[in-house]
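Please construct the entire structure, taking both the sequences and the accompanying hints into account.
For the record, the sequence lines run as chains C and B. If you're matching positions, the first sequence starts at 13 in my numbering and goes up one per residue. If you're matching positions, the second sequence starts at 13 in my numbering and goes up one per residue.
It is worth saying that the hints were derived from the structure and are not from the lab.
Stretches of chain B that chain C covers, calculated by requiring three or more beta carbons in the stretch to come under 8 Å of a beta carbon on chain C:
| # | segment |
| --- | --- |
| 1 | 128-138 |
| 2 | 428-434 |
Cβ-to-Cβ under 7 Å is the rule here; a few derived chain B residues that face chain C:
| # | residue |
| --- | --- |
| 3 | Gly-56 |
| 4 | Lys-119 |
| 5 | Asp-342 |
| 6 | Pro-399 |
C-beta: ideal position from N, C-alpha, C; glycine also.
These are the residues of each chain, in order.
Number of protein chains: 2
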Amino acid sequence: MNEVDGRKRVIIEGVSPEIDAGRFPIKRVTGEGVVVEADVFADGHDAIEARLLWNVQGAREWNETRMESLPNDRWRASFETPELGMMTYTLEAWVDHFLTWRRDLVKRIEGDQDLGIPLKIGASHVREAAGRAAGADAKRLEALAVELESVRAAGPELDALLEHEIGPILERWPDRRFATRYGRELSVVVDRPRARFSTWYEMFPRSTASRPGRHGTFRDAERRLPYVASMGFDVLYLPPIHPIGTTNRKGPNNAVTANPGEVGSPWAIGAKEGGHTAIHPELGTLEDFRHFVEAARSHGIEVALDVAFQTSPDHPWVEEHPDWFLHRPDGTVQFAENPPKKYEDIYPFYFESERWKELWEGLRGVFQYWIDQGVLIFRVDNPHTKPLPFWEWCIGEIRREHPDVIFLAEAFTRPRIMYWLAKAGFTQSYTYFAWRNTSWELRDYFTDLTRTEVREYFRPNVWPNTPDILTEYLQHGGRAAFIVRIVLAGTLAASYGIYGPAFELGEHLPRHAESEEYLDSEKYQIRTWNLEDPRSISELISRVNRARREHEALQSNDTLVFHGFDNDQVLVYSKTNRERSETILVVVNLDPYNTQSGWTSLDLETVGIAPDQPFQVHDLLTDARYSWHGPSNYVELNPHVVPAHVFRVRHRVRSERDFDYYL
Amino acid sequence: MNEVDGRKRVIIEGVSPEIDAGRFPIKRVTGEGVVVEADVFADGHDAIEARLLWNVQGAREWNETRMESLPNDRWRASFETPELGMMTYTLEAWVDHFLTWRRDLVKRIEGDQDLGIPLKIGASHVREAAGRAAGADAKRLEALAVELESVRAAGPELDALLEHEIGPILERWPDRRFATRYGRELSVVVDRPRARFSTWYEMFPRSTASRPGRHGTFRDAERRLPYVASMGFDVLYLPPIHPIGTTNRKGPNNAVTANPGEVGSPWAIGAKEGGHTAIHPELGTLEDFRHFVEAARSHGIEVALDVAFQTSPDHPWVEEHPDWFLHRPDGTVQFAENPPKKYEDIYPFYFESERWKELWEGLRGVFQYWIDQGVLIFRVDNPHTKPLPFWEWCIGEIRREHPDVIFLAEAFTRPRIMYWLAKAGFTQSYTYFAWRNTSWELRDYFTDLTRTEVREYFRPNVWPNTPDILTEYLQHGGRAAFIVRIVLAGTLAASYGIYGPAFELGEHLPRHAESEEYLDSEKYQIRTWNLEDPRSISELISRVNRARREHEALQSNDTLVFHGFDNDQVLVYSKTNRERSETILVVVNLDPYNTQSGWTSLDLETVGIAPDQPFQVHDLLTDARYSWHGPSNYVELNPHVVPAHVFRVRHRVRSERDFDYYL
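Below, the structure is given as structure tokens:
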């Protein structure tokens, strides 16, 4: 009883957003803002005043916003997130006797009560406020108290006094002696907009040489940039660009041994030429790399690097930092294994080393090095096989200096771990999207991602394929399957990526049946791609990406809503922009083999259409336009033509000159 | 990085049960136990060992229970709650290299790998454990390490060594250097069983005189005990028994003034004879009261008192403790009001007084006084109009000394506040049950109460009527309505109560149309009840209460499940005991006017019946038995006979002598 003041009567709880009792920050991008809600209540019937407090992290003072009272003791207010970095927020609320008095006075007047004592009580509230107030306000309040006491009856004079004189001044001097401060300060990471909305293209630079069989260089890769830009990608992600180990190097198709001249896997990082901060000599020099990054930027493309924390046996660190590796009783370094499988071309780091701090610093240094070379986006390979607390520390340290850096977690693992990595700092995350094919699976998964607390910290970056993932659906579904998957990826998620040119060229042969590995995978050999192949879907990809660029609705996930369709093979969903002025409605035939048709059952309110209002749907893929009306509309999709509609919903507007058009 | 050891690789989160990040305890009764689950995971593929730690609050050491691994990184263990008071629990988990090594060794043997180095590594784990171990274990482990190293091949010798020799000892000496302790210690309030399962009867002792018009006494009330006991109630709750104020005393039917001889409302507490610790002279003496409490106990009934923290203007505290009341500018004490309504017979306490601590202590003293007189159950009047933090403090203080005290919160207010009071310490809570009449309302409300986190702290005590609540349903539905409501109350909730004899005698006239107040309410006058009225449903009530007493399934709420019925006027639900050996299935016709019929769609798995197994349902209200089969069975309920079935589900068993009977 001695610790707290029992007169603090307001309770604040149920604050949202709040992740794990404030253990982790929520995520926003600049300009996005945060809407905060909380349960705020007290005993009895007194009026409550609640304020949202917010500021950039570490600021001396709070900014305050009055909260609005919603039904059922819920309160709401919001604040803007204008700048990169961390912000914090909390709440304060109190029982406000003056507000209570004003509210009750109205009822007393309505009930025709004598106002003598009530007005005296009101005057004492004003007088107390005068004691709290400074300067002119204090003097003025003293005078107003006298004036209030001298009022004889209800009427315009009293109303004006309260409304225009006393009210506005008193709002500045509430009695906060017994205010309750919420027990936690909550955090927001504010990222740049690309953290939320990004369109990725993964490409092996060594496969970009113009002449078949040659090892591509950054100069070659530069010539590929207009092609990538023309499809509308804004992040170009390169697999590791470092020297590749020779000891136990793998051959094509993951052969246990490599023949001389075989290039090996870029993820076997490190050779005598250097490790995680060196460049594979066959790709070029650091100068070439920087030139490449600049060239990409001039095409509106940011280069993302792969960071894979593991080494080949030839990595310089194996000699320089023996403590960073686990040694076996025979003195050899412990290679990677998942018994009985062995990966003798790869050494993992030993994170339980006595020198774990030095190791952590060393790894952080890798990010810092490439940041210094102008790279601000990293795709982190298998973060779930390194200690989870390391990532929270490492990303926190980097972002303190560089809040514009984006980390994408490539953690294809169990959901708890994927979510934890996102909570602990990863800006974006790979997902299970590649394996979600039926309408039920897609609805269920994207509802989890966009309609639960997960959306506050986990930003899905969905990939229909990667160099490790050639799904059964793509292996067998033909061209339609590739179109279906890119339309889904590009419209379900604000961030998505493809591994190309394999994707747009429809590369679909697995190493063997039941494998998700590509035959002749670029992971182990150089490939030459015919970008001019008439079967390429690059033109369709560019249309999807243009729709994304031109429509804010597709640039976030918060407004995703699934609609009904009377045929399970067809998935229907929509997204709306923040102002609800723009709706994109997507209809996809998930069956890549057969024409499917049926009737929509649209949630028209979500789409922003009145039940009796005809509207137009304008397909951004084909430019076709259809007149629709009401929730139920017929759709038929032939996978051998285009298996999807990406509709811009257009409202009918009657012009002044009395003809209809669609907006 | 300096604060934490980065080698603590395990994450523990998502602990359940856990209320508001451990801010509030969960509730259990003795013998009930707690099942704890958590998400426990780490990077990579190493084996994890997790332990539940638990003990009585304040104990020096933790008891430990190994947790079992469930799918999706969930872990579970449980502990018992044998004694009254507070217990605490938390978790610890670590990456266990020895367990990992053992698991991998099996795979290596299956993969026919050379075991030379793996066995050396195993021996080093055993040797390290020897370093941690004490006494004989240490010596033995040293020897076992040598033995393990000398093994040449897989086989029975190695299996036996690991299984019977090394394993059991190593389990006692795990390497917990890098163990993660969950960041919070969570609490459990352990109550006595009556906190969960109780059957209440509210009665005005002043209405128990044998001669009409006389003021009943505790001696009169004692003569009523066999009647109450015969119906099967185990808590007898009395409205305030204190002296009643005379200033502004209310007359019958809440008349603004009372005539001489009119008894007033017991909630206008305090007169010159005393206040909250005095007894109204017309009821008898303290001695009489104690005698009454003892007499009740001999009938298996506990007496519960009403604690209403407010006073009449005549309460001695008004003079003794002027600081406990708010004074108006004219020097008078502020009476209760809800403008423009005034309640001039009632003074509220002034909890924002400078002397709030003294007031808190004074109020706590009221409970203490009656505890000293042998009362251990309190029904607290309108706790939501006193500062919420007061209750957390007051109940905590009382229960520290008297963990057997039960507090029932009479807070008919908004849900957040009701739930908060329960979290803050109230043992049981009044509910919205009285106003939930349709099958949809009842399903929805009881699903919230029993299937969400709410069930961990909010114990519903449901009342079909109270002296303040005569619902429309009871006013108009006749005898059937009373039966429907008591069957629902007694079988949906483990704790319920009625205000009698009004309830069993079907008292249903309101003070005026649209009022929920009783005409000639006992709150303001003495009533004489004809307990012999043939229309009384006391016999049916005793059957409901016997079913509750005899069937563990009805003594908790956790297993409540709603089943389907093809007629919305009929509600079907079941409860099962902990061992799932006993199921009660209830079918209620909610329409008190018409016969309703239809077909069940039972969730047979929940009921513990195989789809092809015939079963018997035995009505505990009428003793009728029906043979049922499968999920779909016909039911017809005539409200003018009995509007409900309370079935004991009986499985068919084939006896050894080859005839069937039902268990």
